[in-house]
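S.K.: Two independent chains are provided; combine them into the complex using the hints.
Each chain, written out:
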Amino acid sequence: MSKRSIVPFGPQHPVLPEPIHLDLVLEDEKVVEAIPSIGFVHRGLEKLVEKRNFHDYMYVIERICGICSFMHGMGYAEGIERIMDVEIPDRAKYLRTIWCEMSRLHSHLLWLGLLADAFGFESLFMHCWRMRETILDMFEASTGGRVIFSVNKIGGVLKDMDNSMLRTFVDMFDKMEEEVRQLTNVFLKDYTVANRLKGVGILTKEDAIINGAVGPMMRAAGIATDTRKLGYAAYGDIDFDIITGKDCDSFARCEVRINEIFQSFNIIRQAVAKIPEGPIAVDVKGNPNGEAFVRLEQPRGEAVFYFRGDGTQFLNRARVRTPTFANIPSLVKILEGCDFADVPILVLTIDPCVSCTER
Amino acid sequence: MREAYKLTTIEFADLSLMALEMRGIGARLSQICSVRTKDGFDLLYSFVKDYDFINYKVSIDEDTEIESISSIFPNAFLYENEMSELFGIKIKYIALDYKNKLYDIAVETPFK
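Quick note, the sequences are listed as chains H and Z, same order.
Per numbering that gives the first Met the number 0, the first sequence starts with residue 0, numbered consecutively.
Per numbering that gives the first Met the number 0, the second sequence starts with residue 0, numbered consecutively.
Calculated from the structure, these hints are not laboratory results.
Just so it is clear, the structure is predicted and the values come from calculations on it, not from any experiment.
Careful: at least some of the hints might be erroneous.
[As the list claims (entries may be wrong)] With a Cα cut of at most 25 angstroms, we get these calculated DMTMM-like pairs of lysine to aspartate or glutamate:
no.: 1; chain 1: Z; residue 1: Lys-91; chain 2: Z; residue 2: Glu-10
no.: 2; chain 1: Z; residue 1: Lys-111; chain 2: H; residue 2: Asp-309
no.: 3; chain 1: H; residue 1: Lys-46; chain 2: Z; residue 2: Glu-107
no.: 4; chain 1: Z; residue 1: Lys-91; chain 2: Z; residue 2: Glu-61
no.: 5; chain 1: H; residue 1: Lys-228; chain 2: Z; residue 2: Glu-2
no.: 6; chain 1: H; residue 1: Lys-158; chain 2: H; residue 2: Glu-132
[As the list claims (entries may be wrong)] Computed footprint of chain Z on chain H, listed as stretches where at least three residues anywhere in the stretch have a Cβ under 8 angstroms from a Cβ of chain Z:
no.: 7; segment: 221 to 230
no.: 8; segment: 302 to 308
We put the beta carbon where it would ideally sit given N, CA and C, even for glycine.
Isolated chain Z, as found in the complex (with noise of 0.2 angstroms):
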């Protein structure tokens, strides 16, 4: 049996509002990832309420800077560090910010 989950496009300036949201219902943050696109890149944000899991996507281009959701879900600094150092993307207010030092690797954002 596949498990059924939402994913749900958002804008990024609704980013902090989608996550007071889901702390708002108890939900947990299970991931953040992104993925390169053509004209930037697609982030995802999953969450998970009980056995509910809740996925959304936003696009952004190259040059935005989105908000850190750390303040939020604490636990949403090493992801977003992640995406920082591999992808390149601008995060700001992450909560403990390692400055592109969280991976000891030799490429500069190899994802980008």
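Excised from the complex, chain H in its bound form (with noise of 0.2 angstroms):
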């Protein structure tokens, strides 16, 4: 008869990159339940709408998490944009485009070297932080900050990219493109990774849809839905396809965000082709008196903005419901059943960023 035990995982523990908490249900080694918790680090950021200026409330919002802040800032202004029926001009699409697109590109390559520390590749995981740190740089350049950019307004966004820089940046992306196919090789080609991955923590289309998978986690699922494809920003100009997998296991997700890098530099190409010029922001006038939903799609799937104003200059109520917080059931569900051995790395795919979850 297998012996059950419960063995206590986190929130401080050398293989988790941020707080979250698993009571394992073990029977020898396999686990057969997993209890989340979440909450060491909760911070309140939704509550501090009510005392801050709309206005305002955009240098608190993009502080929900150091990876997506473009994209937080960014859900915000246009659930704001919304309620208060404002239409952004062209040039200040295609720019958030290009950034979310470039937060993207970073967030995977980050996911990328965590993952490959996680299975013991140090040298996989130098080099896809050493190109992590070039787009960072590049972020520099065009907005004066690497974690938190602070370029998005109601209205618009509050920093131009000229055509010089658009052009270097597809050249240095063009050459990045190079090393980030060498990198692939490794990551899809060599055994050790594929040991690692192949079958392992499999989540079901059928499981994704009914656990509120998003993201990477539902789209390796085989599961075709990426809600850029709403046309929110300039999406709608550019031409991409959804990328999926279909062995619904690690090895799928892993593939699944290593696409959407190639698929990155392509949006990031069309966008500096197409980018029109004019202006870059309208003014705002008033307070936003009405509701909004707005979804975004992160690097780590689809996040969903909830705004409600009473046309004062303070909101009732901002809701940010993260990518990894709609992943934990999922994360759940694909822990019932591994190897004990196995438990660091899928906590990996699902991409955590408990940042965002203790909002």
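M.R.: Right under this line is the structure:
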């Protein structure tokens, strides 16, 4: 008869990048149940909306996360613009699209590095993060920040990228694409990587839907859905296919993210080729009165923003449902039946951002 | 281009029925959130079916106890625990009830 034991895992653990706790119920070395706990660093940023002018709140909301900070700011801007019926200039839409894809690039490279580190491939980890640094340099050159950018405003963006900067970025991405292709060969063809990821942490299509999975978690289960197809910002003018996996396992999630890196290079090239000249923002007068939902595709998946204002300078409610929050039930699902030794890899394959979750 | 979505108001007694209907069409639960109102709370349930974003609003007063939909959508437990802990909304039959210990916060029901 197998022996049943409960192993507390996290919130502080050498293999966990961020504080999440799991109570793992084991039968010998197999996980039979996982009970998640979050909330160790909850910051109450949603509550702060009641005490900050709605323009100033932009600088709060982008601090939800140090990786998707641009997209949190953009989600907020799009929500308020929707309530106030503000149409932003086309150039601002393209600039937002380019910065969104740069965010996706550096997020996916960060994740690939963490994954390589988790299965002990130090040099691969270093290469991924070296490339990510280049993207952070580009962020610094275009926005002035490497983590918090503060370039979104209600009504557009605060900074422009001139054509020479855009051309330089495209050249840099062309070079980077070659380097990523070399990394891809290691991630997708090396047998040690395949041994750790193939057939591990299977999330079927049905389980993905019923557990509310989003982003690469969902697409790796073969579900072709990508919020960018809604056409927000300039995505309506960009031609791209949705990347899906078919094996529903950790390897498929890795494959989807890698292919999304190449997709982001392609989207940026298209956006740079099509970006129109013109203003980057419009003036916004008055206060928001009404409510709006906005959905965006962040690197980790769909984020849902909800805002409600009553005509004063303070909003009644700001709500951000982040992708990691949505993916926790799927994590619980894939942990059931896995080997204890695979737990760190499985936690990583949802690309957890506890900072987002603890908004 | 802005996403067009539906927001339908329903009675709290119809919550389970609505969830069953959404499950029946193969939608996924995208989020649940609540908003403090003068008389109580607005609860907003969002579902996604392909690219359709379907939202339901349920207005309740402070003392109303609602039923969890976590038996229909297992991922509802996190949203419901959040609403219960931050807003003080009474929810019964949550599949995994953290009893107001989901978040390590100093203030009780800060949004109430």
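S.K.: All hints are to be evaluated individually against the structure, with a verdict given for each.
M.R.: Tested hints:
For the hint linking Lys-91 of chain Z to Glu-10 of chain Z, the alpha-carbon distance of about 17 angstroms falls within 25 angstroms, and the restraint holds. A distance of roughly 18 angstroms separates the Cα atoms of Lys-111 of chain Z and Asp-309 of chain H; the hinted pair therefore holds under the 25 angstroms criterion. Taking the CA atoms of Lys-46 of chain H and Glu-107 of chain Z, the gap is about 13 angstroms. The hint holds against a cut of 25 angstroms. Between Lys-91 of chain Z and Glu-61 of chain Z the alpha-carbon distance is near 15 angstroms, which keeps this suggested pair within the 25 angstroms criterion.
Proposed proximity of Lys-228 of chain H and Glu-2 of chain Z is supported: the alpha carbons are some 10 angstroms apart, at most 25 angstroms. With a CA separation close to 21 angstroms, the supplied pair Lys-158 of chain H and Glu-132 of chain H stays within the 25 angstroms bound. Check on the segment 221 to 230 of chain H: 4 of its residues sit with their Cβ under 8 angstroms from a Cβ of chain Z, so the three-residue criterion for coverage holds. Three residues within the 8 angstroms Cβ limit are the bar, and the segment 302 to 308 of chain H against chain Z gives 3, so the coverage statement holds.
When held up to the earlier numbered hints, the structure conflicts with none and fits them all.
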